[in-house]
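In order, the protein sequences belong to chains G and X. In terms of numbering that gives the first Met the number 0, the first sequence opens at residue 0 and continues consecutively. In terms of numbering that gives the first Met the number 0, the second sequence opens at residue 0 and continues consecutively.
These are computed hints drawn from the structure, not numbers from a lab. One or more hints might be untrue.
To be verified - In the SDA-like style, the derived pairs of lysine to any residue whose C-alpha atoms are separated by at most 20 Å in a straight line are:
1. G:K179 to X:Y173
2. G:K179 to X:T361
3. G:K244 to X:C41
4. G:K41 to X:V45
5. G:K179 to G:E300
6. G:K41 to X:P315
7. G:K179 to X:V113
8. G:K244 to X:C196
9. G:K53 to X:H125
10. G:K293 to G:A268
11. G:K147 to X:H125
12. G:K299 to X:C196
13. G:K113 to G:E300
14. G:K179 to X:G197
15. G:K299 to X:I142
16. G:K113 to G:K60
17. G:K57 to X:M126
18. G:K53 to X:M126
19. G:K299 to X:H125
20. G:K60 to X:V45
21. G:K60 to X:M126
22. G:K232 to G:K60
23. G:K179 to X:F130
24. G:K299 to X:H56
25. G:K222 to X:E242
26. G:K60 to X:V113
27. G:K179 to X:I142
28. X:K42 to G:K293
29. G:K244 to X:I355
30. G:K53 to X:F44
31. X:K42 to G:N44
32. G:K179 to X:G200
33. G:K179 to X:C41
34. G:K57 to X:F123
As the list claims (entries may be wrong) - Residues of chain G clear of chain X, computed beta-carbon distances all greater than 10 Å:
35. R92
36. R126
37. D144
38. D189
39. N231
40. K299
Predicted model, so just to flag it, every value in this text is computed and none were measured. Quick reminder that beta carbons are idealized off the backbone N, C-alpha and C, glycines included.
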Amino acid sequence: MSIRIHEGNSAGVDVTRRSFLRTGAAVAGGMAALAAALSPLKELNPEEEFSLEKFIQKHYKEMTPDDMKVALERIAGDVERRYNVRPDVRDFRPRAGVEFVYALNLSRCIGCRKCVHACVAENNQSRAPEIQYIRVIEMPRGTMDLEKGNHHYDRPSVPDADHFYMPVQCHQCANPPCVKVCPVEATWQDDDGITVIDYDWCIGCRYCEAACPYWARRFNFVKPEIPDADINKDMGYLSNRPRPKGVVEKCHFCLHRTREGRQPACLEACPTGARKFGNVLDPKSEVSQILKTKRVFVLKEEVGTLPRFFYYFDERYPRSLDPEAKEIALSLGYAPSAGGWTPPPGEAPRGTNHGEVTR
Amino acid sequence: MIREYLTFLYRCFRLSFVGTAGYYVWMFALSVVALLGLNAYCKQFVHGMGVTGMTDHVSWGLYIANFAFFVGMAAAAATLVIPVYIYRNRELSHLVIFAQLLAVATIIMSLLFVVVDLGRPDRFHHMMLRFNFPISMLTWDVISLNGYLLLNLHICGYLIYAAYRRREPTKLFYIPFVMIAILWAFSTQLVEAFLYCGLGGRPFWNSAVIAPRLVASAFAAGPSILIIALHVISATTDYHVPEKAFLTLRNIVRLAMAASFFLLMSELFTEFYTDSAHVASARYLFMGLDGRHGLVAWIWTALSLNAIGLVILFTPASKSRGFLIAAAAMMIVGVWIEKGMGLVIPAFIPSPLGEIVEYTPTPNEWLVTAGIMAFGFLVFTILVRVTIPVLSGKLAFDRPYDPTRADATPATNSGAAGA
C-alpha cells in the first residue's frame, strides 16, 4: 500500500487521476482495518454498561439527599433487571460517638472458614470467580511470619493440633495507605472508622491494592457473577450492592448491618466465639474490655497503619474444653475428634481460600 | 497568522504520507501492529482485565512495567539538552530537537500505558472532578507527565515553526522552557519512583535508592535509543549527524550504566547481607523462592546484556558504529527488562500475606503492549519525518516541499527512523 500525494503548491495541486484512486483505495483500506480493529466493541451492551445517569452521577460526598435518592433508585432498577430481585438499597451513614473495632481471639479460631463463606453470601460477592474478603492462614506454631503460613490448607477436620489459624481481612486502619494513594478519592475513611469505597467513582487503577499491607482489597477483573437466588436483598450503597466489573472492593465491617446496631456476618457465623466486634468509644462494650484487659496485638505494627483489627490469644479455656465453643460446635453438628472438631458430613471441607486465583 | 499555522500543519500532515519504499514498509508495519493492539484493547475493554495475566496478587503487570520504562525514556531527553544548553556544546544544538521529539513520543506511550491499565477508563473524567492532590502520588504523576509533554511540545513546536518561518528563534520564548524542562525531566523520574517507594507494605519498593536507580538506568537506555535513531536518520536521509553526537551519547550511556550498576550493588548488598524477611522479593527475582523462579532468567538476561554492553562501551571498539549500535541495543533491552519485569513485578511476590503467585502476561496483554509501542514509534517517525525537511530548509512558508523536484535528492524523501 503506498500513498503518494504530491505536496501541492499555490500554483495548483498536482493530483493525477491515478494517484487520486490510489489515495482513495488506501484511505478505504485504512478505514476498513480500523473498523476491524474496533469490532470487539460490538459485544458491548451500552445500556447496561454505560448510561448518562451513571456518567453524570456525582461523587458520594457531593450528592444531595435527592441525588442519593435517584442513585439508589437507579441501583435498585439495575439489580432488578439483572438478578430479577427487587432489593432494598439504602445509604447507611455512620453514627455519632461510634468507632468500630474488631478483636479476634486466635486461641479460639479453629480455621473452619465459616466466616469466609458467610461473608461471601452476605456481601453479594462474585461467585464465579469467587471473591473472598477474609483469608484464613494456617500458621505453624512458633512463628508469626506470614510467609510460613498456608493459605490453601484443605484438611478433613480442623483445627490441626500443630497449627493455629489466623483470619485476615480489611483492618480498617486509622492511617490507611489505600486512602492516601487513591487518585480520585473513591475510597475514604468514614467517621466510625470504616474505610469505604464508592464503586461508582473508582477508576480501577488498583493503586490501593498495591498499597495495602494486608492484601485486603479485591479487584473485579471480570463481570461478577451471582446466581439470582443468592442475592442478599439488604443492600448498602457503600457496602454490599453488586459491584460492576473493573472496580475495587473489600470488607467494610458489614456497615449495612453494623450501622444499624447488628453484628457483622462473619461474627455471627463464627462457631467458636473467636470474633468480637463493637464500639470502642463505649467503655462498657466487649471490645473495650478486651482492649483493656487482654494482651492484644496488631498485624505488621511496623508499617504504621494503626489497624482497628486486633488479635489476641486468650487461653482461659483450651479450645476443645471451652464449654461455650463446645456447645455451639455440637449444635452445628460438629463431632469431637482428636484435638479438634470434625464438621458434619457434606460440609467438609468447606471450600478453600483460592477462589479468586482460579479465575 | 493562524491561517499560516494551519497551512504549516497541513503541509506536515501531507508530508507524513510521502517517503521512500522503506518508509512505507516501516509505517505500514507499525500501523498493522498498532491496529492489532487496538483490537486487543477493545477485547480487554469489553471483557475486563481478566484477559490479562494480572491477579489480586500481582495487580500490576506488563502495562505498568512499560509505563515505568517509557517515563524514563522521556526524561532521557535531558541527556542531550544538558550538554547543549548548560555546557554550550553548540555542535550538537540542532540535534536536541530529536531528543525532545523522542520525549514527546515516549510520554504519549507512557500515558497510553496508564490508560490501558485502568479498570474503568470510561470514568477518566473523575480525575478532573476530584483530584487527590497532593496526597496521592498518582496525581503528581499525572501533572508531571502532562507538564513535561506540554513543555516538550512547546519547545519543539516553537523551534520547528521558527525554522519554517525562516526566523531566528527568540531566546526568551524557548530558553527558559528548556531550563524548566531539564529540571522537570528529573522530577518525572522522582515522582515515578515515589509512586512505588512510598508504600510501606511493599518492602521491595520501600527503598530510597529506587529514584536514583530509575534516573541512572533511564539515562543509559534513553540515549541508547537516540544513538539508534540518529544512526537511522543519518543513514536514510541527507541530514548531517556529526560523529561527535554519537561519542557524546556513548559517554553518557557508559557513565549512566556504570552508576546504575553501582546503585544495584548497593541495593543487593543491603538486601542479601542483612538477609532479613525484607529480602524475599529480591530473592524471588534473582534466585527464585520456594521453587518458583519465573523472573530469574529474565533478570540475569537483563544484567548480562547491560554488563556486556557496558564492557563494549568502555573499549575503543565502540567508536565504530556497528559495536556502538550493538551496545546501545543491549542497553535498551536490558533496561527494559530490569525496569519493567525487574522493578514492578517482584514487589508483588510474595504477596503481603506471604503467598507466592507468579505472573505471566497473556498474549492479549502483549498485543496491547506491542500496539502502544508501535503507535509511539509511528508518532516519533512522523515527527522526525516532517522535522528534517523543515530544519534543512527544504520545507518553509515560502517553499512548499516537493520531493519530486529535481533539487531534492532521493535520499531526502525518507525520514524513516526508529529503533
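Hint by hint, which ones does the structure fall short of? The structure breaks hints 1, 2, 6, 8, 10, 11, 13, 15, 16, 19, 20, 22, 25, 26, 28, 29, 33, 37 and 40; every other hint is satisfied.
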